[in-house]
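Protein chains in written order, with my numbering: chain A, 229 to 395; chain B, 911 to 1716.
Be a bit skeptical, because a hint or two may be false.
Taking lysine-lysine and the DSS-like style, the derived pairs with C-alpha atoms no more than 27 Å apart in a straight line are [stated by the list, open to error]: (1) K236/A x K941/B; (2) K230/A x K941/B; (3) K941/B x K234/A; (4) K244/A x K961/B; (5) K230/A x K1296/B.
Derived Cβ-Cβ restraints for the label pairs, each shown as a range [unchecked claim]: (6) G239/A x S966/B: 32 to 42 Å; (7) K230/A x G1138/B: 41 to 51 Å; (8) K230/A x E1490/B: 29 to 39 Å; (9) K230/A x Y1703/B: 54 to 64 Å.
Far from chain A by the CB rule (all over 12 Å, computed), these chain B residues [claimed, not checked]: (10) D938; (11) P954; (12) K967; (13) V1147; (14) V1184; (15) G1302; (16) N1447; (17) V1568; (18) V1583; (19) R1610; (20) P1622; (21) D1626.
Hints in this document: simulated from the structure, not taken from any laboratory. C-beta atoms are modelled at their ideal positions from N, C-alpha and C, and glycine is treated no differently.
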Amino acid sequence: MKHILKLKVNGREYEKAVSPRRTLVEFLREDLELTGTKQGCGVGECGTCTVHLDGKPVNSCLMLALEAEGKEITTIEGLQDGAELHPVQKAFIEKGAVQCGFCSPGMILSSKALLEKNPHPSVTEIRSALAGNLCRCTGYQKIIEAVLAAAEDGEGADGGQRRKEKV
Amino acid sequence: MGDYRILNSRAVRVDAADKATGRAVYIDDMKRPGMLYGAILQSPVSHGLIKKLDTSKAEALPGVVCVVTAADAGSTRFGVSPARYDETVFAIDRVRYVGEEIAAVAAVDQETAIKALSLIELEIEPLSLVLDMETAMKQDAPGLFDEYPGNITAEVSQEFGKLDEARAQADRTYSDFLLSKMQDPAFMEPQGCIAEMDSHSNLTLYTSTQSTHYVQRTIAMVLGIPLGKVRVVKPYVGGGFGPKAAASNLELATCVMAIKAGRPVKCTFSREQVFLRSRGRHQFLHDMEIGVKNDGTLVFLDHRAVLDGGAYSSFGIATIYYAGSLLGAPYRLPAMRYHAVRVCTNKPACGAQRGHGGVIARALFESMLDGIAEDLGMDPIEMRLKNVMSTGEETCNALNMSSLGMRECLEAVRDQSGWKEKRNRTGKNRGIGASCGFFVSGAGYPIYRSKTWHSTVTVQLAEVGGSAIVRSGSAEIGQGSDTVLAMIAAEELGIELTDVRVLSGDTDFSVDLGAYSSRQTLMMGHAVKMAAIDARNQVADVLSEVLDIPADRFVFSGGFVELEKGEIDFSKIREEFVREHKGFTDHPEGDRLTFREASRLAFIKKGTIVGTGKYKPPPLGGKFKGAAVGTSPAYGCSAQIAEVDIDTDTGLVTTENVTASHDCGFAINRTQVEGQIQGNFVMGFGEACFEEVKFDETGRTVNSNLAEYKIPTTMDMPEIKPIIVESNEPNGPYGAKEVGEGGIMPTIPAIMNAVYNATGIRFRELPLNPERVRGAIRLKESGRDVTFEKDEYCRRVIKLLSGRKS
């Protein structure tokens, strides 16, 4: 039997009937067609399904959709402001932090969460914040450089703050 | 090397924005109208005879549209190399590994499809298991296939130069062996595909592949559909690293379901299924004897190897040849002998994985060079420098070094890593090690015997003027080929990168053999260059006719067409352009003729302007058996220096301060070349230090997930200083050659050599995980000989191999 789920995704209110067995990542990808969130393992090991739940990064494959009742979710599709990309997205693009791209949405959301909490992280802090997001292509170095760049121009943290207030 | 506007820059990847915003579409993001969901029944046992397969209950489940088995898929065999076609879409009578495909269900949703699988009645009578090299090679071993007596799927015996004569020239000889473990590609995106048939029986397969071309051929051959009626399309692919280069049972089964159901069917793998299918890195056992002069000059290599191939051949015939042939360089080696077998076992099949076939052979060879240098009292880098080949030389196995920046790579890492100071300073628990690597830049021959072009492409100029579309079957899998091709087209047409659109990965666009053997930049790069020049020349010819100026005087650059000297009176062209764009607000302005006007004029005069390009390598290599494997129009090479820190309490090896150089001939995109160097090292680091697919005594994979099969994370990766060496390859477009795979070749031995430098222990078994490292350190500390668990096993396997020779 389906249950009614009310939540906010990328600033928009949704009310949908979902099966109690549906995971949050399935709900986002299948029911809302927000396919930017990826599923690489389904059991919380790879981090490609990372989304923000009330501002905190979570593995959306480890949550049931119904657990998000009344919560605010941000996915990769909700980061940009109109045509303007989020500073973390810009930094990933410019620094060559994207290769196959399958980890990128989750990686970007984990980075954004870090910068919102810690606007000027050290490399060690970045490594620690991204430890749950696997990438097989880049060797991580250009990803770390991108997070540093997003933090350096100061926009990383502030941009994140502004959006948080807007939602 | 010329002066370029776009090439050799740090241009932003053409697909980066789509990937960073979630817009990029991968296979699992796609849906087709009326689409069904497929699920595959896989063998729960490693070896057995199928006694019962009854699908009637599954078929009766509401929501199930069709169930397919070998009765639907037929018995046509396929594989990678036509000489070793040994697989069928679904198992017929017999299963040979846990995970082998037996049947498939298409249903209205995934849940129903999976539920239906549990209703299929399957009975398998177990057969004796063959789970390792030694068991497979024993005289009374149970056989997996009638056609592979002794469980040998391939055997190679080669001699280059005169080994026995060379042996007499050697002052000293050294022997050692190394055993590795099977490894998984662990790309982030599990495989998946969608098949559909239209009302004219045209089959389209959307799939997460590295080669649309080989998949197209395999589908047509196996399912008996005319080749012209099969189209294979690749959306964005989340990494491949080799195993996605061959057509798969998943792809074929999905086509069979779509045909039977008459509706589109999607079928995707779970992470566990990625592990079960594998086709990743073989387990290798290498045994080598190296002869040298007292001054460190290499004299010969006598090399034996055994590969555990798993249940089917896959790429294995190429793997076994690569494992030998790639040691022909980068050092001058007057004589080389190679004897190897690839055995089949009741485990997932192994195939091609980054650095195909050569990685573990390179690890043992380079770690032995390290030991030889020490024994001779030489610096290991100086000894390597003494032996490296130069541009223009040919190896004893007939590989032509048309460019080889090996010396430059070695000197660069030596000078930029602080090698000399650190080498003197390292001591207990800290070490530094160096290694070289070498790899092909595209396979010299296709997988099937053919005179086919390896890459064809069209560059079409937009009829409205100003932009261009590059269409090809090439495979962007994350390595950045779309960007490289766009940059080449933009350079030749003299337009901006943003004015080039690359459409790739579709067999309707062109023939391209795909993303394997590090071939896209060199081969498709040549073809795109040719096609863009063709299109440009067609525009120049029209301008020449209209303006009465010789065509070769026009220069295309920065979005304009100009003369090197003098001005063009193009007032009539502009007038006409403006006249046909009444109401538009973006008329060309200024005193220069724009490419937009010029290409529009060409369309008005000649119709659609399409440039075509093609490439295939010239005949390469020697005449001996297996000479084709290892041939390439060009070879990349690399050198790496890694530092390690070892926690002697836990045995944990931490890698730090890596300096990595790569000779890519010419860097089309500098950022991407660095990204490949770094990505290669980190993947190799995982393989060196912890990656291992483990099996229980029944042949079941026990760590088929990313928690227990660990790959490097941000916490593990060292900082890597990438150094680009450009040797200007004459056979590559603009001098370019590979970087996608070669960069992994030096990684494992550089780490092994650093670990030796820190501990004084040469490991004969990989990976260098904490358990193994700690165990070896304990033995050494207690004053005992350092031995490894599999030492005796390895010696027995090598003996079994040697026994075959007589």
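Query raised in the report: So which of those numbered hints doesn't the model satisfy?
Result: 4, 5, 6, 8, 10, 13, 14, 17, 18, 20 and 21
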